[in-house]
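Participant: Using the sequences and the accompanying hints, generate a full structural model.
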Amino acid sequence: MKPIVLDFETTISKGPHGPSAKDASNDFHTIIYGDSPTNVTIEHKEEGFKRKLPIGFTSMLKESSILIGHNLSFDLGYIWKCPEWKEYLLRGGLIWDTQTAEYLMSGQRHTFSSLGELQEIYLGRKIKADRISRLYKKGVGADRMVQAQHRCKRFFKLYEQYSYDDGITTLQVYEKQLVRAEQLGMLDIIKMYNKYLLSLIMCMNTGIKVDLDKCEKTLREFKLKELKLLEQAQLLIGQYWDDERLPEFNVNSPTHKSAMLFGGDIKVKVKRENGLYKNGNQKFKLFDELVEVTGFNLPRKYTTESKVVGRYKTDTGVIEKIYKNSSNEAAKEYCGLQKEAMTYHKMSSTYLGAFLNLSILERLYPNFNTTATATSRLSSSNPNLQNVPSKSEMAKKIQGLFVAPTGWQCVQIDFSQLEIYILAWLSDDQQMTKDLLNGIDFHCLRMSWCSSMAEGKSYEEIVHLAKKEGVKEWVIKRNQAKQISYQKAYGAGARSLAESTGLLEDDVKELMEKEDRIYYKVKGYNEHVLRTVENNTEYSTKMGIPSYLLRGGVNGKRFDAQGYELLPIKQGDNVTYEQGLRRNIGFYQSPTGKRYAFEEYGSFDRRGNLRQNFSPTQTKNYQVQGTASDVQAATSAALLEVLLTHSDKIQFINEIHDSKWFYIKEEYLNIIVPQVCNLMEAVPHLFKKYLGVDVPFKFPVDAEVGENFAELTAFKPGE
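Last residue of the sequence shown? That's 719 in the numbering used here, and every number before it is there in order.
The hints are simulated quantities; they were obtained by calculation from the structure and are not laboratory data. Errors might be hidden in some of the hints.
To be verified - Calculated lysine to any residue pairs in the SDA-like style (CA-CA distance at most 20 Å, straight line): (1) K176 with L236; (2) K313 with N297; (3) K332 with L184; (4) K313 with V575.
Facilitator: See below:
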């Protein structure tokens, strides 16, 4: 494959999108390209390139089959609509993003790697000029640097060398990554994820239409409801906050909330006599005084001590635990109000406010972060559309803001029970596979195993009540069982499952024990992964950790003199590091070729002996969640050609966990929806094509259609 490197230096908008291509005022003023480290070209334009590719690059692109770059989702946003680029993709042109490759080869440990970090790893030293990098961080863009070429010749020479080094070293890093990928047996998975990246870049540049008028109204409504809930919470604690020396209770103050929930002292200023003036008048002075507040006096099992002595954590998780488990009715009522107010606040700030601030011509263009998580599952930001809530009435108001353009329909295609299919395949559990292929609803099946949930009803009766009749009580129970399905697949234990679902811990244990007996190969597979991780380790070093995560340690001592990371020892919420004990990183490689890194921790047992181990939750979780990501990657990669050639009929706009969102032209629904469903279900064919691995069953999907994403109905061909 003949490579060509590409890199842009751009302007930096002062708006919320910074240097991103989504801001139309940004442009590239320097383009770096070349087909070998000895043949790199730089072109500058003071007025900018107007997002058009120069002839030199397009000529080289026609002769190339793979484009190399670092963080290509940034650069390709500038040229996505160029006809030369579309032509390159349609003839099968590939990309190799060095950031993506490093992320995957590190077992998803090296997130958001910089080119400077890769230079150190592969070339032995950081080559990028810090002076230029600092200017970019301060908001000085390429336009100003190019404009300085006549009056600041020495500075411009440094900038040119910085640009050359970007092109040269990216190609050098690629060559070394290629060798390492082959050694690790990861070439196929890296190629597939790079094709997946192309489909996501297309998605980011398409955007999703949002009803801004409705968004503004919903934001006002949510803020008003939040204030009313906080006022109710304020009134509720009046009898507990009755000392006249106390200030007005602040429902948003961690100190006040801690004292109210768990008891504690509040420091106040008290005015007292402090002698006499010369004229005989009394003199007064403010003194600090502690006022004891008993509050609800809840047990500390719901929380942990914060960094402030005498104060306890009162975050969302603590409030949730008290609300679900406390027998103190007044405290439960207070936490219920707080919980609801926090939810409205989160919806307002994370979603509604962000939508209004970040929208461009009534569309949102999220950043899909493909190198962010420990498992490679997708995340998104600016705004966060990948985690848009879906279950509650409040959440539906947010999803209802995402609307279809005139003449189009919103389409959501969702994998059914994806994690269970993944687990059945990875573990080769024949009984689980048989139940899946027989159409068993695992959530209803789990309910039938738990006596308190089943209430004496059989599996068939539960399916009828929860799915066919849609009886509210049984729908809620099925959702509880659904949480167990997902969280157990990700390694959750009985206690945490009980807390998150509201079920009794004994009932959850009963359910889990029965599941382990029936699907016994799953437990064996989890034990195999843990043994593999323990037997395939290497020491953690500074070089393998992203620079933004290097902070921490005791007195700055997190690494020894040789650059090895010390073992972190957990004691409650605190972490200490002990000289002489190095941290191990264990690896497991899944059938798809994906590599997973597991970090070792230290802890003390009841006898005070130090143990070094890997998290069982992580070793059960990562490969399940990560393989689900592989399914999404393979199907989105396969969709790319369809999306490129039929963008007037279908547009890919979002991916949320196990589902994909599309806009599809109304008159083509009956043709395109079945085709996309068939493609997504054909995971065995795609895994064989991209990764050379066999999967014994298809992965079923469900399709829904509507005018917005809150009001979707099951797709029925012909209607």
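Participant: Find the hints from earlier in the document that the structure breaks and name them by number, from lowest to highest.
Facilitator: 1, 3
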